[in-house]
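K.L.:
Read top to bottom, the protein sequences are chains A and B.
Per my numbering, the first sequence starts with residue 83, numbered consecutively.
Per my numbering, the second sequence starts with residue 257, numbered consecutively.
Simulated coverage check for chain A against chain B, where a stretch passes if three residues somewhere in it have a Cβ under 8 Å from a Cβ of chain B: (1) 193-199; (2) 513-525; (3) 533-539; (4) 542-551.
FYI, nobody ran anything at the bench for these hints, they're computed from the structure.
We put the CB at the ideal spot given by N, CA and C, even for glycine.
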Amino acid sequence: MPNESKSDELKQDELVKIDYKPPKKDWMDTPVHFRHGTYIYPAKAKNLTYLGLPNPREWSPADEDWKLPDNWKDIILNGMKERLDKYRSFKVFMDICVRCGACADKCHFFIGGGDPKNMPVLRAELIRSVYKGNFTAAGKILGRLNGARGLTKDVIKEWFYYFYQCTECRRCSVFCPYGIDTAEITMMGRELLTLLGCNVNWVIEPVANCYRTGNHLGIQPHALKDMFEMLLDDIQDRTGVKIEPTFNRKGAEILFVTPSADYFADPGIYTCMGYLMLFHELGLDYTWSTYASEGGNFGLFTSHEMIKRLNAKIYAEAKRLGVKWIIGGECGHMWRVMHQYMDTMNGPADFLEEPVSPITGTRFENAKSTKMVHITEFTADLIKNNKLKLDPGRNDKLRITFHDSCNPARAMGILEEPRYIIKNVCNNFFEMPENTIREQTFCCAGGAGLGTDEMMEIRMRGGMPRANAVKHVHDKHGVNRLTCMCAIDRATLSTLMEYWVPDVKVTGIHELVANALVMKGEKERVVDIRGEALKEKKGEDNVR
Amino acid sequence: MKLINILSEKKEIVLKKWFDKIAASYPVNAPSFLKNQKNQFANPVGYTIEETIEAVLDVLINEGTDKKAQEFLDRFVQVRAVQDFTPSRAVDFLFMLKQLMKDELKDELQEKGMYEEFLLMESRIDRMVLASFESYLKYREKIYELRVNEFKNMAFRLLERANLTFEFKDDDPAFEKDVSDSDNVK
Ligand code: SF4
Ligand code: SF4
Chain A
83 MPNESKSDEL KQDELVKIDY KPPKKDWMDT PVHFRHGTYI YPAKAKNLTY LGLPNPREWS
143 PADEDWKLPD NWKDIILNGM KERLDKYRSF KVFMDICVRC GACADKCHFF IGGGDPKNMP
203 VLRAELIRSV YKGNFTAAGK ILGRLNGARG LTKDVIKEWF YYFYQCTECR RCSVFCPYGI
263 DTAEITMMGR ELLTLLGCNV NWVIEPVANC YRTGNHLGIQ PHALKDMFEM LLDDIQDRTG
323 VKIEPTFNRK GAEILFVTPS ADYFADPGIY TCMGYLMLFH ELGLDYTWST YASEGGNFGL
383 FTSHEMIKRL NAKIYAEAKR LGVKWIIGGE CGHMWRVMHQ YMDTMNGPAD FLEEPVSPIT
443 GTRFENAKST KMVHITEFTA DLIKNNKLKL DPGRNDKLRI TFHDSCNPAR AMGILEEPRY
503 IIKNVCNNFF EMPENTIREQ TFCCAGGAGL GTDEMMEIRM RGGMPRANAV KHVHDKHGVN
563 RLTCMCAIDR ATLSTLMEYW VPDVKVTGIH ELVANALVMK GEKERVVDIR GEALKEKKGE
623 DNVR
Chain B
257 MKLINILSEK KEIVLKKWFD KIAASYPVNA PSFLKNQKNQ FANPVGYTIE ETIEAVLDVL
317 INEGTDKKAQ EFLDRFVQVR AVQDFTPSRA VDFLFMLKQL MKDELKDELQ EKGMYEEFLL
377 MESRIDRMVL ASFESYLKYR EKIYELRVNE FKNMAFRLLE RANLTFEFKD DDPAFEKDVS
437 DSDNVK
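Bound conformation, chain B alone (with noise of 0.2 Å):
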């Protein structure tokens, strides 16, 4: 049997675990929250943990796309990156899979062959973890980026409607001439 077929029939019960160690890494209470509101707008968090960690799981037993599974493991890393984790806690639940996969197929990792499978789909997931950190950098570039732009949409406004800000019309003669060319400018 291939590591993969082992893995497929395994897929609900490496979930359920899977999804509990997410939950765990949240503080008390909001485990149980999480995992119990089944209701998608009621609990967007726990329902996108759902999501994202079947498309991942789909993807390493070759019955989804990678592109979902991007999509999903993007949209949950944008949530880690506004709750209160650091940057490696934000993306570490993808190593909480390698480690259930490591307890859950112990005997199966024994036979012949298995642990080299086992190996390549690693290598799959690390791809994943390297994808996932430059979605957590993204959105929290973003995040800064958002508080620059709040702060100069105001700025901007005061200072225009001041009158103290110069705008170009497009008319204007000095858009004839390429002002961008240093040479036209004596």
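Just chain A, same shape as in the assembly (with noise of 0.2 Å):
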């Protein structure tokens, strides 16, 4: 519950006195109050341990000693100067910020929630202030007219405060005349914080989880594929079909790659579905991993280090079966990984070739050097070339609207496959209000390793933004699904609809695709991949 202190139980005559003025203290002197339902718990000792990551610990953000090591202060300097050397963009991005605002009113945590220091030139003017104060000489001197201050305990508690309260969405950066990218800023912020042992276990139990077993639920070889099991039997209870997938089979054309989430959670499970009844549909040949079975990557939420550990097992596991190319998933930060960072820090592959679709023909050049197609780029291709046999009318009772999830839209640009792909499979599909979609898509709030319960508030707050879009078209169309192409959204966004618009439900694009794939020798179809009935009953009207 909010801020339950003495002085805030007021009573009803003393409510009408109140001055509603905020306190007009400088920001650099409010210091931050972690309630619950605003921070996320800490990484437990033993996942930083297994990781080889500095400074493990028992402690709680709330205390108010956080047992930070002695040395603290020059770890994070070093820290600091180590990186500014390194990536050159973090110099830039110290450097250049003319503090014009245009990115000021762009982030869904200020416009939910309204804290200053969510603006993204304040979140990043966190760091760099610290950055002014003991690297710039103008900093040194002049002070605190420079913006600059010093490096204290209460910074980086705030640094743990708000670079945990950025989704690293990139929304701001689409603002920036100067391209500044304040999600770059928050992953550097959250490395400091790292070599302090100041992580999030959220974060780091996935990745000593991918780490030690492939994916991040820690699911061994076996558990995985009887989980497939169930899913390949629901297959075959509601579409007649039986269908037999192949795991770490070597020499197959295909290593097909998803997060986790897709095979263990509702409702990424019946985009999962979709994917197999697709590739079967097709006799494409494919193999699932149970080794690389994670396109997830929360390394990304760690350090570039840990993104390359962790991504480097996709690559080796490909090499190990010796297939020719790769496909993955839905999946949302995944692609920003395989596309800003993978072929860089993993690459060139040259052991795989250039994907070429068998069943079309088409030569996905835009993969050519990291040899992985989007699973949306791959069957938009398939529509596209007329090969495969849709029914649309079994989605019809489904009013869809579609959510760009950040990373592929903004870190890689995939907004019109998605939406082909949905025009194709369902007869109902309305657009959300223009700048709430592509580029300026709304983050669901919860990505970036904060799509925990305990910062549920939070996440209510930042994804005020998206889900009041929704209401907009469910109000006016009756839209009663949430289409996304990224697993953390699917989990995230159904969270966030029950709480602001209960009627609708989220949906991956290969559910739909799912629904309305006609396959050969399938039984007559009265249910969706669901198992709900296909058609709303005589009379019964869903469309409210």
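Make the complex out of the two chains shown on their own, each in a separate frame, by following the hints.
P.N.:
Now the structure itself:
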């Protein structure tokens, strides 16, 4: 619950006398208050130890004493110096901001909550002020006049609070005339905090699991196969088609990699069933892997080194299996990693071939270097070439809108393919308002490691702008399904909808494909892939 | 002249001042954003405030419906419930209106019979306060429910996948008896 301190327990008479003006303190002097619902639990020592990360310990952000190592200040300043030398973008972003304010009101956390330190310009300033105070001559001399400040323990607390209230969604960067990417600054902030062992468990545990077993949940190969058995049984139940996919098959043409949430969490499993059905129908020569069983890469939310370590597994597995190229499923940040980091970190993958669709012959030149094709590129190409038999009428009880997931939209530019597929597999599609979709899409507010239950209040707050646009199309067009192509979205948007627009449920794109796909040897389809009646019973009106 | 007529005449100024007071309950920089960004999708909170206070005032001057005002109040409280407010601060915006009316209508309230009318109007506002508080509690409870649900869903799926759960089938013989009746359970 919100701050329960005595002074806030106001009686009605007192309320009318309140002065509503906020404190006029300079932002540098407003310390953060760690209240339940606004911070993520810290990384458990055992996970940090497993990954060989420094300063593992038991502590809580709500404690006064964070048990920082004695030389914490040197660690941070040296860490900053190292990164300023190593990453040119970091140094440039520190130097060139002119404080024009174009980004200020573009962050969903500021829009939804009004905390000024959630304005991207100020979020970056949290670190820039320390940079100025310690690494620039003007800052050292002029101090505060130049926006510089010293490094104190309160600054570290502030970093922790606000760099874990940034979903690294990059909406702000779309509006910056200088192309400053606050998400990159947040990433640097988190890297520095990691040096002090100040990381969050929701990120570090998946990283440790992924490093150990190949996926976030620590699912081992036999358990993973069991999970697939259940999905395959459900597919057979609902379509009459028996599917037998292969795992870890050497010599397959294609390796398919998707986030683990797709085969374990609702509603991702229905999207996963969509992949299975599509590949089966095509007779695609592909394999799943129980080792590269995670498309997600929470290394992205930890450090550059960690991105590299986790991402390397995918190429290593592709090499071991001797596949020609890779298809990746509906994941968000996986594509940011593929698109922006994989090639420089672990590429070039010369042992793979430039992807060519075996069904249509289309050469995916955009994936020439990474050798990895996005599933919506693959499927859109199939539809374009008339290779699929589709019955969009099977999705008629759904009135659909599409949320551009931040990473595929802004870090990769996949805007048309998902829309093309949706329009071909369903008849009722409605766009949300222009300034809330495509490059300007509003974040689900649960990405970059924020999607945990203890952050619920912040998530609902930051997700309000997204939900508000969904509510608009719900009220106006009776929209009852929100489609997206990201596993984090599928989980976090479901909860977000439950709070703000409970009539709307969340769906992946290939779930819609699964419903519409007419398969060889299928029985009459009376239920959708969720096992729910395909058509509303007469007289029942699901459209509000 | 009756109080509702006076309030109706002063509607614009009351709305403006009320909006400013609510906006000022947010930290520095936010108030001017809430006020100046007029696009309803770029500034959903500011837009919600505007819709809500207008609906409330419309009810008080007998131009709007209670239902509409309730809906907007509920929605605005839904927003306040996830913002950085204590419970009392989250619902105090209606008290701001009361104070504002006392300030704005100071002279008029001296006139004969006016104060009685004001008291009646005030109790209508009080009822809205109570309804808002119920909304507040509803949404705070919802937040905790969502937390629990996320946690449960995750745990349940894992158990199910590991074949550690047992599900009754519809045709299970156990369902033929009324198992809820304790007498039948020997
Ligand atoms: S990257 Fe996204 S969450 Fe982070 S400051 Fe920018 S808009 Fe906000
Ligand atoms: S838009 Fe760019 S230059 Fe302007 S304040 Fe934001 S980060 Fe700085």
